[in-house]
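Since the structure of chain A is already known, use the hints to place chain B on it.
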Amino acid sequence: MKTRVSAILLTAMFLFPNFAYPSNERFCQPGVFVFFGNGIWNDKEDADLSRDLLAGRLESHISGSDLDGLITYATAHNPSDGILLDLLETFAQNNQTGWSRFWRFLAGLDPIPDFLQNKLKEIANTIDESILQMNPAVQDHVEKYNKILSEGNKVLVLAHSQGNLFANIAYLGIDSQYIDGFGIVSVGNPDSYVAGGSLYTTLEEDIIIESIPLSLSANVDNFFGINLNDLTGHLFARSYMAIGRQAETKILSDIESKINSLNFPDTSLGNGIITATLTWGSNPDLDLHVFEPDGSHVYYERRYGSSGYLDYDDVNGYGPEHYYVSCDTIEPGTYRFGVNYYRGRSAETGTLSIQAGDQIRSRQQIFTKWFSSSGNATPYIMFEVQVTGSEEEGYEFVIQ
Amino acid sequence: MQTNRMLYLVITIVVLLIGNNVVASPVVIWHPAKIELKQMQGTRSIYKIIVKSDKEFYDITAHLVQGPQPWVSISPVDIEVIQKDGNIEVTLKIDVSPYAIVGKYFGTIQLKQAIDGGYQRVIDKFLPITLSITDKENNELPPDPGEAGMKTILGIDSDSDGVRDDIQRYIYFVYPDNEKVRMALTQMAIEYQGLLSEASDPDAAFNHATRMSRHGECLFYILGEASLDVRSALKAEILNTRERSIAFINYSDSLAGEIIFGTPVKDWKNSCNFDVDAIGGSQ
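Heads up: the sequence lines are chains A and B, in that order.
According to numbering that gives the first Met the number 0, the first sequence is numbered sequentially starting from 0.
According to numbering that gives the first Met the number 0, the second sequence is numbered sequentially starting from 0.
Derived by calculation from the structure, the hints in this document are not laboratory data.
Treat each hint with caution, since some may be false.
Unchecked claim - Derived DSS-like pairs: lysine-lysine, alpha-carbon spacing no greater than 30 Å straight-line:
1. Lys249/A <-> Lys47/B
2. Lys47/B <-> Lys83/B
3. Lys257/A <-> Lys265/B
4. Lys47/B <-> Lys37/B
5. Lys111/B <-> Lys124/B
6. Lys124/B <-> Lys83/B
Note that the structure is predicted; figures quoted are calculated from it, not measured.
Excised from the complex, chain A in its bound form:
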């Protein structure tokens, strides 16, 4: 016999694969995107926890200011690059088999034992930018940051731990025309600098960063001794954002001042509840094609559809080509996004980034042959976006 609670929830989850929010309209105007960039022994759940904590605290901090209601929070998820598995092995090698404890240690729920602390220090001293710069996650993030910037938004990355290494590398990939809209605020930084700025917080109590010879020196004494809630002094929530402490105040102030110092990028690309951005390499022309729910085919020869608009078409290489659906013209149904390799000299890699409401995805595809206009009717479909809902109740999106 099923429990009532989980039966209802299970049914709801199948019926509603994603959630509908009228607040998706926030994506139709330029705003500020604050990303939490996690370190490499933080999993996706840890990163989300930190993002939510940051959102709650920062919203209180900026309440009543010009930034109030302008910020969208997100997690820019950095992979563990094998580090979590290494830690798990270390845990096992120390004759530990209560696997729940492993996760409790990392979350700071239980005091972390010396053997794990030592392993964290060892890892922190071996991971640097040279190791992470080839990680595909960095390029994925760069594509998305550039897309968001190109649509007139400011982007700030609140980087914690090795998230700083990822952010510093990403900074180099930001399109130069948008760089004034991109910033980093650093927390617990193992690197020796903060790309594009100098705002950072490192605790005197952070024994992980302290163990890295070239890291920026500690600049906040947050506890005047040991923090019993986090023996490493390194956890974002338990040490850096310990409520009412100096570090929390500094971090929130740094974020606010950094956002205010950024410029909204000057761009002609439109905002929308659905946007698509196609970029590629030096070959002259890849074309973005969109098939709207009513069958309208939007591309360079027919740039206005029933609900969207191809507002930027590029024929000289690199892109972008850009399409958007504004909040008041969106239609329920399926939007299909394809690419036709129109003209070129060699194989070309196209990157298509789609944002639909509160979801953003990027994919790459290698095109080996160009088809000119003969490929217009049959572009290579890279994404489908299913839209359900209504203007009153809000829309929900599934990107496939």
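This is chain B only, laid out in the frame that chain A set:
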């Protein structure tokens, strides 16, 4: 010589069978043939059953063995005689205390006959009884799967509600007084089952991650910052084997490069896929 041995063997088997009441065991028939009761904490009820026999029995006592014993009493306990082809009505009084532990309890009702030497023997056959104790919301917990529940990544979900049995029990016992929290954690636990089973599929992982973000916001709306430790503790409880831990790491790493948006803080209430206001409990 050979014939004598065979005869001895046959006699031995017959004696053993009689001794174990297999051949000559008298039979009583219960109506109904089994009992499945469901009872809410803090409530009482009465249930009547009939026992019939094709033979006369004297000096019978009725017993409830194991399982539901603390909450079920039998009346009458002492039965002077059961007539051949006669019916005896037996009453079960079920009295579940408000503090009884939610779950399913298995036992049997047996009739025992006094025999020489002060011993009793069980009269075939006994009556199976199952008592399901539910909480005030009429929820019911599956049994603790124990070690068997740790053999696979998805564990045991005996009631097919989408949540591992051990996690269902964990949520119930750790947060007995807050249904909102239980609801929010249950939606997370269901999501964990999905993400652990599709850990290496990036598209599936993205969808799970997006939904998990909403579940986290929902819990944050209910508990505030205290939700952070509650979430971490649930995760630790779920990832209680090496295989589950590795599957979760694979899931997390398959999200490399992805961006997961949060919803505006003012809308976190809407991140719950249940009606928060319709449920009691703190917030």
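- prompt: Is the Cα-Cα distance between Lys47/B and Lys83/B 30 Å or less?
  reply: holds (20 Å)
query: Are the Cα atoms of Lys257/A and Lys265/B separated by 30 Å or less?
result: holds (24 Å)
task: Quickly compare the C-alpha distance for Lys124/B and Lys83/B to 30 Å and report which way the hint goes.
output: Holds - the C-alpha atoms of Lys83/B and Lys124/B are around 16 Å apart, at most 30 Å.
message: Check the hint pairing Lys111/B with Lys124/B against an upper bound of 30 Å on the C-alpha distance.
response: Since the Cα atoms of Lys111/B and Lys124/B sit roughly 10 Å apart, the hinted pair holds (cutoff 30 Å).
query: Are Lys47/B and Lys37/B close enough, with their CA atoms no more than 30 Å apart?
result: holds (15 Å)
message: Check whether the Cα positions of Lys249/A and Lys47/B lie no farther apart than 30 Å.
response: Violated, at about 72 Å.
Violated hint for the displayed structure: number 1, the only one.
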